[in-house]
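Colleague: Given next are the chains, with one letter for each unit.
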Amino acid sequence: MNTGLDNSILTLVIFVPLAGALLLLVLPRRDRDIRIFSLVITLLNFVLSLHLPVHFHRAVSGFQYEIDRPWIPKPNIHYHLGVDGISMWLVVLTTFLTPLCVLVSWKSIHERVKEFFILLLILETALIGVFMALDLFVFYFFWESTLIPMALLIGMYGHGRKVYAAVKFFMYTMIASVFMLAAILWLYAKTGSFDFTAIQAAIHSGQVENFAGAAPWLFLGFFLAFAVKVPLFPFHTWLPDAHVEAPTAGSVLLAGVLLKMGTYGMLRFNLGLFPEQSRSNAPWIMVLALIGIVYGALVAMVQPNMKKLIAYSSISHLGFVVLGIFSFTQAGLDGATFVMLAHGVATGGLFMLAGIIYERRHTYEIADYGGLATPMPKYAAFFLFTVLASVGLPLLNGFIGEFLVLSGAFRDRPIYGILGATGVIWSACYLLWMYQRVFFGKVQHEVNQTLPDLSGREQATLWPIAAAALVMGVAPLIWLNAIDPAVQTVLTPFTDLVSRVVGR
Amino acid sequence: MNPIPDMTQTLPQAADYIRILPEIVLAIFGMIIMLLDPLMDDRSSQKTLGGVALVGTLTALVSTLYQAQFPGLGFWNMIQVDSFSVFFHFLVAAVTAVVILTSFEYMRVQEIRAGEYYALLLFGAVGMSLMSSAVELVLIFIALEISSISTYVLAGFRRRAAISSEASVKYFLLGSFATAFFLYGVAMMFGATGSTSIVVIGDVLRSGQVPLLAYAGVALMFVGLGFKVAAAPFHVWTPDVYEGAPAPVVGFMSTAPKAAVFAVLLRLMFEAHAPGRIWLIWVVAALSMTIGNVAALVQDNVKRLLAYSSIAHAGYLLVAFAAFPDNGIPAVMFYTASYAAMNVGAFAVVSHFAGAGERYVTLEDYAGLGRRSPILAGALTIFLLSLIGIPVTGGFFAKFYVFSAALQANLVGLVIIGVLNSAIGAYYYLRIIVVMYMREPQLDAPTTPVPMGLGVALAVSLAATIYLGVLPGRVLDYASRSVAELMR
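In the order they appear, the protein sequences are chains X and P. Note that my numbering numbers the first sequence so that position 210 is 210, with each residue one more than the last. Each number in my numbering corresponds to the 1-based position in the second sequence with 1000 added.
No lab work stands behind these hints: they were computed from the structure. Note that the coordinates shown come from a computational prediction; the quantities given were computed from them, not determined experimentally. All residues carry an ideal CB built from backbone N, CA and C; glycine is no exception. Certain hints may be false.
Covered by chain P, according to a simulated footprint, are these stretches of chain X (three or more residues, beta-carbon under 8 Å) [stated by the list, open to error]:
1) 144-151
2) 310-319
Restraint ranges, calculated between C-beta atoms of paired labels, are given here [what the hints assert, rightly or not]:
3) P:A1162 with X:T237: 54 to 62 Å
4) P:V1294 with X:L25: 32 to 40 Å
5) X:P375 with P:I1375: 42 to 50 Å
6) P:V1456 with X:E111: 54 to 62 Å
7) X:V54 with P:V1294: 26 to 34 Å
8) X:Q459 with P:N1301: 49 to 57 Å
9) P:V1456 with X:P375: 35 to 43 Å
10) P:N1301 with X:P304: 40 to 48 Å
11) P:D1477 with X:I415: 44 to 52 Å
12) P:V1470 with X:Q207: 53 to 61 Å
13) P:I1375 with X:E111: 51 to 59 Å
14) P:P1441 with X:R360: 27 to 35 Å
Quick partial rundown of chain P residues pointing at chain X, CB under 8 Å, derived from the structure [to be verified]:
15) I1032
16) P1275
17) W1279
18) Q1408
19) A1426
20) A1484
Modelling step: build the complete structure from the supplied sequences, incorporating the hints.
Modeller: Following this line, the structure appears as structure tokens:
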């Protein structure tokens, strides 16, 4: 066992991209070199991050690879990192998607290339930090740090109403997260610590004064920040704008990872710190999640714009995650975590595919395509594969997570499961219908006749997605057996609830 | 106890002079500049006089560090050197140095030839330094006047622009009025407690019955000081004066005098144990934050925008005054330091871009700056992010300490107003960043290279902003020492 690396691996994985960004800053403006350098850095980081699942003790619950160093003595802030089975896979998802983002941006970003990759690398560091942080302060720090690079990526490299989208994205998230900051500060004022486990213990043992009165508000403070990020209906309106105007890499990371910050936050902090409030608030949250599932799907169905359709499908899919989380069942939470990963891969893939066709035709309108399967057979094949993964075809990754979530929801209350299950049908409708309109039939527009099929680089971008979707679908246990103990730990305070529900 | 010391009995000792050493240094250098100015021809004088002023502030910095080894009272208990005063002396001298560095280029571009500009900066710094070490209300008043009169004149230095003279006159008239309030408050305080010494007042007010007159005294003094820090509802002068005054001067007067006045407020509120502190602060802080941020939303002139932002920041800062001294005092001091770093830096960039006659100060003029001069735009972005309060910058920890101090004092309402305001605030700072990076350049304003002086000024303020954002511990520790000093 490589214990030396175990102590520093989290720090390495967080800061390798940042170091890369700093190096890029002084590198000369030769676009090709910059792209290759970014690819090398992100790949290196992916390989490094694989250390986590390889050396992870699956039987052990709780946080691993922990590092806890005092950072600022007053207030008592610790550089405290650690991963459990849930956050570990989200970290790997991030490091997996970033090199693909570099590849997909290879040609489409040709102006201010250096700045683009610097922002991308900074964003990666911030995202990884969010998932690893075990100190509430450090968590908030990274949480806010994701905002700037993402807003700049949208605003500088997007298209159309990019400035509007960037500012809207920034303001929505910023305003929501100050409530979380207020809640974090309150907890610090009462417990004298930012440490997640310490605060959890203090709350559990009832040492926090005035907690009973403040807890509903604290719960809401955290929840609002996360709900906007997810985005849960009715806080979702920033998402379609941000997605449509964002550059491809921005969309991929936005859908693939940024949205998961919200669901991860609910899982870790709302459930972890406020089990009782989570329980009492669960009914209306689940209703919102169900509305999100159905509403997202229905709106997706009528979108004329491919990217907007995928964006609304995210709202629908993330609804599943929230549904699973607030079912407080082992299956539901396992499934929720798995959907997060599967959605990251599949929807990330869909956004890449949309970006690839945009590079050729500069439009996302479904009506501008039709019959693409004839000139671009390889592209059509990859697209179909990814669509099927997203729809939840058995043996591909979407199925496992949704199945688990629904079985968890059923156990909580059958009506939730039934309504949620319609979401699966909806997603098949809108995605397959879009697929049909874009790829089948005769080529409608003359320009589409001569579109070149996928290049080698583009295939290199898509193969990992397809492979991951398949492996996750066939062998989900690789993921689940690490997720399972972590979920059990999260659910410990809920066990009485679970037994009550099961016993019924 | 005899509140009025007998000055005839003892002459000042050497130690007394060490306790005002930075002020002496600054005053001497100011006078040297006044003497040199008529002896030199117009063309060469600017650089030389600026250089002399810079040497003066740096010498003052060094003498502050030297002075720090001799803490104690001086000049018949009117001056107190402690880590509190050293902190603010250091801050004032550093800000002055950065402003002088920024002014080199500005004065050349604006074709302002007047040596007394630098002299006035130094004299202003004398007053501000003195404010932080004075523990005698009358001396504080004198120091306040020294500092204010210098800034009144400095505000009118763009003599060719009517708006600048307007700024100067407006600032002077309203400012004198505010100072009168302060003086009236001092008189009432003397009537209530029989002393003008902050230490004695503190002892009297702590000992028991608080006379009604003391409340009136505190309120009136607060009006005067609130005017100087541009806290609402005493803020109306701010946007006009900031718009008219030369940009480097705005950078100066939005940071150094404010820091000094906050030092006075700290002494008054905590060391003198001013009664009625919490509700007074509560109202003014909430008003300042809200009015500043809301009004800033609709500004198109960058200087006006930053003026309203400074009102808002005065509000954030005041929040900490309502907290317990243990964490309120360090939070205030940390905030003043990081606000000084980021605001002086932001105005350094603004004064560079303003161009001859300050033509380019509207938001539109900043379009495409990210392309035209990436380094300056990058620096301004970091300052603005710090003003928003984004992590890794000093502004983040500043807000953080203030709000967590307030929460520890159970001021939940004020904190909620504060965090909501900082979210609103993000919008208008962000507007500048958006315009710089996401709009095409609209005019072919000349992109002049960054001169050495400005480069150093920016590097210093950037380094300070980032340092306070990554390793705030040392500065906060230093500031925490003042708690014991003020709360004897």
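Colleague: Evaluate each hint against the coordinates.
Modeller: Verification of the supplied hints:
1. 144-151: holds (count 5)
2. 310-319: Check failed, 0 qualifying residues.
3. P:A1162 with X:T237: 54 to 62 Å: Violated - the Cβ-Cβ distance for A1162 (chain P) and T237 (chain X), about 47 Å, lies outside 54 to 62 Å.
4. P:V1294 with X:L25: 32 to 40 Å: holds, 37 Å
5. X:P375 with P:I1375: 42 to 50 Å: The hint (42 to 50 Å, Cβ to Cβ) holds, given that P375 (chain X) and I1375 (chain P) are roughly 46 Å apart.
6. P:V1456 with X:E111: 54 to 62 Å: Distance hint for V1456 (chain P), E111 (chain X) is violated at roughly 32 Å.
7. X:V54 with P:V1294: 26 to 34 Å: violated, 54 Å
8. X:Q459 with P:N1301: 49 to 57 Å: holds, 53 Å
9. P:V1456 with X:P375: 35 to 43 Å: Since V1456 (chain P) and P375 (chain X) have Cβ atoms about 60 Å apart, the given range 35 to 43 Å is violated.
10. P:N1301 with X:P304: 40 to 48 Å: holds, 42 Å
11. P:D1477 with X:I415: 44 to 52 Å: Violated, since D1477 (chain P) and I415 (chain X) (Cβ atoms, about 58 Å apart) do not stay within the stated range.
12. P:V1470 with X:Q207: 53 to 61 Å: violated, 32 Å
13. P:I1375 with X:E111: 51 to 59 Å: Cβ of I1375 (chain P) to Cβ of E111 (chain X): about 18 Å, so the range 51 to 59 Å is violated.
14. P:P1441 with X:R360: 27 to 35 Å: This hint holds: roughly 30 Å between Cβ atoms.
15. I1032: Cβ of I1032 (chain P) sits 42 Å from chain X, so the hint is violated.
16. P1275: violated, 25 Å
17. W1279: violated, 21 Å
18. Q1408: holds, 5 Å
19. A1426: Because about 5 Å separates A1426 (chain P) from the closest Cβ in chain X, which is inside the 8 Å limit, the hint holds.
20. A1484: violated, 15 Å
Going down the numbered hints, you'll see the structure goes against 2, 3, 6, 7, 9, 11, 12, 13, 15, 16, 17, 20, while the others check out.
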